[in-house]
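K.L.:
Residues per chain are reported as follows:
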Amino acid sequence: METRKKSKHVEVQFVSNQDVGREIISIKDTKVKKIGNALQRRRKRKQCKSSDSDEEVDDLPCKDLDTNERPTALFEEGDVPGQQMFGFQTTKGKRALTPRTPRTPKTPQPEKVNGTPQSRKVKGTPQSRKVNGRPRASSHDTGTAKTPYSLRRRLKKQIAKTASQATDGYLSDSDFSASNSEYMPSDTDRSSSSEDESVEDKDETMKEPEYQPRRKQGHQEIEYVLEADEFFTSQKSVTSDHTLSRLQQPRLAEKQLQQLLGDMTLSHKQAVYNLCAEHTQLFAKWMFSLREQYSVLLYGLGSKRHTLHQFRTKMLQDQLVLEVNGFFPSLTIKEIVDSIADDLLELSERPGGMLECLDIIEQQLSSELFIIIHNLDGPMLQSNKNQDIIARLAKMEHIHLVASIDHINAPLIWDHAKLSRYNFVWWDVTSLQPYTGETQFENSLLVQRSGGLALSSLSNVFHSLTTNARSIFIIMVRHQLKNQKDPTYLGLQFKDLYWSAREALLVSSDIALRAQLTEFLDHKLVHKRRSPDGSELLQVPVDSTVLQHFLEQVEGDP
Amino acid sequence: MNYNKVQRDDDLEETVKDNIKKNQYNFLTLSAWYKEQLRSKSPKKKSKNKPALEMDKDAALVVIIPNVEGFSPHILQNFILIASGYINSLPLVFVFGVATAVCALHRSLPYHVSSKLCNEVFHSQPSTAYLNQVLEKVVLTSTCPFQLDDKTFKLLTDIFLFYDLSVYGFIQHYKYCMMEHFFNCDHNVLCCSISELSQNIKSLSKEQLEELRQLPSFRRYVDTLPKKEKAPLLLDDHHFKEVLEELMTELHGYLLNLHTYLRCLHTLTASLPKSPLGKQLREVYNMAICCDISESPQFRECFQLLGFQSREELLDKLGKVLGFLESASSNMSVKVSHLKDVQEELSKYYTSIANMGIEATEQPLKSPSKIDIGENINRYQLKEKLLELSRKQKPLSAYEETRKNLLDYLAGSVFPQFLVPPTNVPFNEVFFFNNVARVKRHIVGTPRAAIHMALNNPHYYLECKCCKLDKTSSIIPSMPDICIVYKLHLECGRLINMYDWLQAFLAIVNPSELGEEQRDVAPEIQARFTRAVAELQFLGFIKPSKRKTDHVTRLTWGAS
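Line by line, the protein sequences are chains A and B.
Residues in the first sequence are numbered from 31 upward in steps of one, following this note's numbering.
Residues in the second sequence are numbered from 24 upward in steps of one, following this note's numbering.
Calculated from the structure, these hints are not laboratory results.
Virtual Cβ for every residue (Gly too), placed ideally from N, Cα, C.
A portion of the hints provided could be inaccurate.
[Unchecked claim] Simulated DEER-style distance windows between Cβ atoms:
no. : chain 1 : residue 1 : chain 2 : residue 2 : range
1   : A       : LYS525    : B       : SER137    : 53 to 61 Å
2   : B       : LYS566    : A       : GLU566    : 25 to 33 Å
3   : A       : ASN304    : B       : VAL245    : 34 to 42 Å
Let the sequences and hints guide you as you build the complete structure.
P.N.:
Following this line, the structure appears as structure tokens:
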């Protein structure tokens with residue numbers, strides 16, 4: 031058992047990612063070389079046998095393969111290694127902690143002072159669990175354990191232990207061994223832990239997402255059963271069951287959020303300002319490359335709208351400019367093409383088809399047109415077809431494209447054909463500016479879906495309805511509120527609605543009701559869908575609390 | 024169906040546009056149009072009616088279908104079937120462009136369709152062949168003064184070979200390097216053809232001359248001069264201009280030599296077994312400009328191998344080399360006298376080898392001279408004896424003698440003299456673009472790496488004192504919010520609990536007295552967290568999950 035453990039340790043512990051990478055690469059290299067040599071040997075033999083011309087024909091297609099060429103200039107020292115960005119992160123317990131440990135030691139900031147060492151302790155995660163049975167790990171841990179962190183970790187672990195029934199005995203065991211392996215103060219702190227018990231309790235729950243997968247891992251380490259498919263099973267990340275409703279104010283209203291963020295001063299203002307000033311210096315070069323039929327593509331963390339705005343105001347004052355907010359969720363490619371055709375070229379007769387329209391634009395456009403697209407990877411522009419059209423536009427002689435991308439997988443939307451049409455020049459314009467404009471259309475979990483807005487729009491639409499229609503709508507709302515507790519409730523059946531409306535003398539026929547419903551559907555007051563048995567189900571797609579408010583309002587002033 | 028067809032034949036639209044609507048296009052119209060075309064026999068026919076492809080008397084109607092894989096097979100099949108019905112009135116010829124393999128065509132066309140076609144397969148060259156042609160005929164010539172240094176050249180060829188195999192892309196990247204070379208760099212106006220040189224030198228301003236003086240290669244050159252010559256060169260603009268013109272002309276001469284002899288070397292060595300110096304001119308070029316090629320082990324290996332060349336092969340290569348020298352010296356714009364000398368010398372070798380005749384090269388196989396082996400000799404002694412015999416130099420035949428002399432001449436005096444890396448030549452910066460770092464990031468974008476860097480180590484961009492990290496994984500409260508939130512999310516598994524995430528964020532930016540859970544969060548901090556999470560979602564690191572309330576899914580597995 032002991033030896034087995036050790037061997038496993040060696041595998042898990044001592045080989046760093048880079049080493050592994052190097053190992054693999056070198057193996058690959060030798061392999062390739064061998065293959066290459068073999069190829070050449072074979073070829074030589076063949077040359078002996080057959081005539082030269084034969085050899086040449088054979089050579090032509092795979093010429094570059096047998097020379098064993100490898101890209102050298104593409105990868106350099108300064109590059110961010112790919113494995114850092116894309117490597118699999120096995121939920122190794124170790125790894126979840128590492129960022130946490132050094133955090134405390136290096137907080138010389140004065141503001142941090144109020145966080146006394148004790149509070150810091152409490153925050154830790156149960157790293158020391160690893161300690162037992164792992165001489166290597168323990169030595170590492172004691173190194174970091176100089177901070178009171180270890181104590182906190184231990185405390186939390188204790189609570190974790192009580193919280194989870196699983197592997198009870200083993201955990202407590204590990205706890206003790208851990209405390210022993212570490213230094214004394216931790217022990218005394220442990221005794222004081224009982225006072226902070228309540229504190230711990232909360233804290234432990236807060237850190238749960240990290241430690242739970244790790245606990246599993248710790249378990250493995252003890253038993254040393256490492257199987258390949260463990261990777262997939264252990265991927266089921268275990269997170270705590272807390273919801274945001276534990277907070278005093280679970281969600282901020284959209285308006286409040288915007289106001290708060292607007293009032294806030296940007297961190298690192300000067301640095302960001304310097305970055306932006308640097309980018310301004312590049313404008314002349316961008317202009318030059320644009321005129322040379324390149325497209326300028328900006329990437330990097332932070333909103334690039336500001337930079338692009340500046341570019342427009344500084345360089346493109348007297349030019350035709352089309353600015354497109356690609357992040358806007360209801361943008362269509364047709365709008366872009368139409369606005370070029372109608373607004374800029376003022377074509378009297380615009381063909382219906384998109385491609386013909388592009389042809390016309392290409393023929394008619396005689397002056398330079400600059401297209402600025404914020405977020406070329408925006409949700410509506412991502413599709414293959416739309417990218418194709420933009421690429422065609424960018425390829426035109428008089429059209430120059432300046433665009434920005436933000437999504438980490440954005441380059442995947444282009445194939446070689448599109449890339450060669452775009453002919454990008456890439457610029458890193460990391461500005462670390464907040465994405466205020468770009469993110470405002472996102473549904474964030476933390477933002478309250480503005481019920482206020484829905485309510486006002488609901489009542490506005492409602493007031494524009496005829497009395498009969500209002501009553502029909504009220505029937506639906508009532509029905510929905512009555513059934514709101516029922517999880518199996520899918521919606522009001524059309525025929526039920528019909529009969530209740532008929533009984534209230536609101537409609538006389540099926541068709542009249544349908545006409546009313548069309549109006550609701552148009553205003554998005556109602557969603558219609560088919561139930562599994564084929565009947566039509568109607569639902570008001572508004573939160574029940576809002577509906578309640580609405581109902582109260584309506585009944586308040588008839 | 025008809026609609027699709029006519030779209031592809033959209034050249035015809037012009038003629039029929041006026042009287043026929045699009046939805047009335049059909050094959051009958053097409054054949055009517057075709058007949059009319061034939062009848063009118065206008066000398067300038069449609070581009071589709073290529074005169075080269077005339078069949079009998081009638082011109083064939085060629086339909087080019089590029090990228091067959093991109094077409095829906097159904098439409099293609101129907102089109103072919105319908106067209107086959109009109110084959111009597113319309114002599115149609117299809118040209119299918121297939122990007123992958125011929126089987127793509129067979130896959131998309133079932134037998135009953137492909138049997139209507141009479142297939143003939145033409146192969147085009149692989150794109151590397153085109154690249155080599157472009158390089159050899161345009162880029163790597165002495166008439167093109169703009170040259171890339173070894174690193175940039177390697178970068179561009181690597182992008183081609185390992186990334187896109189696109190000659191167009193290569194040319195665009197090359198153009199970008201050229202833009203970079205000339206942009207905001209006025210003195211590079213001297214990177215011109217030799218006829219414009221003196222004109223351009225005259226137009227140089229004082230600042231530009233100063234810039235030229237600052238070039239490292241020129242400084243090195245000045246350092247080698249005796250003291251007396253230094254001062255006027257640095258102070259007297261007029262004198263400097265004269266020297267400049269002289270040196271630039273020399274540089275042109277150098278370029279001519281470099282390319283001519285590179286070609287010679289390439290001809291000699293390309294077909295050697297294993298081709299140590301590379302099979303392509305670009306490989307030889309790359310090596311020659313990065314280091315002293317005549318000192319390299321590959322060069323020596325090549326000449327060793329050349330030492331075993333047969334007479335025919337050597338003659339053949341030598342003939343080609345002479346051809347190069349001939350053409351170089353005939354249309355040279357720079358006076359390079361030694362080219363002539365080398366040419367004469369080599370042609371002497373050529374004639375001598377050629378005149379040697381068969382009998383000289385193939386020496387009559389001497390019967391192995393009887394070796395006096397004593398009667399009583401043991402195995403060890405025999406071995407010694409044989410070794411001794413093998414060490415003895417065999418007398419060289421006349422051919423071998425000449426070959427040796429020729430190779431010694433080439434390797435000893437010709438190549439080492441002319442194939443020197445450009446870094447030693449004054450003002451090489453004017454011709455050789457040497458700043459790969461300036462172009463690389465713009466030719467090959469690294470958006471993911473930039474975001475990764477900015478999130479993990481914002482100090483790299485911000486250059487502030489507060490965010491300096493000694494370990495990439497550590498988190499400091501002074502970092503931008505998005506970085507903190509990102510680093511915290513790296514610690515999580517596939518699902519992230521928003522509440523816990525917020526608490527972890529709070530523990531960093533606003534640690535409470537006892538580190539307890541903070542249920543009452545200051546709205547500012549909550550707003551900051553909200554924004555940071557929204558930004559991460561916008562960047563594509565997370566997305567909302569419906570699996571569990573208030574959870575988000577992690578979309579990356581990158582380790583920190």
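K.L.:
If any of the earlier hints don't hold here, list their numbers in rising order.
P.N.:
none
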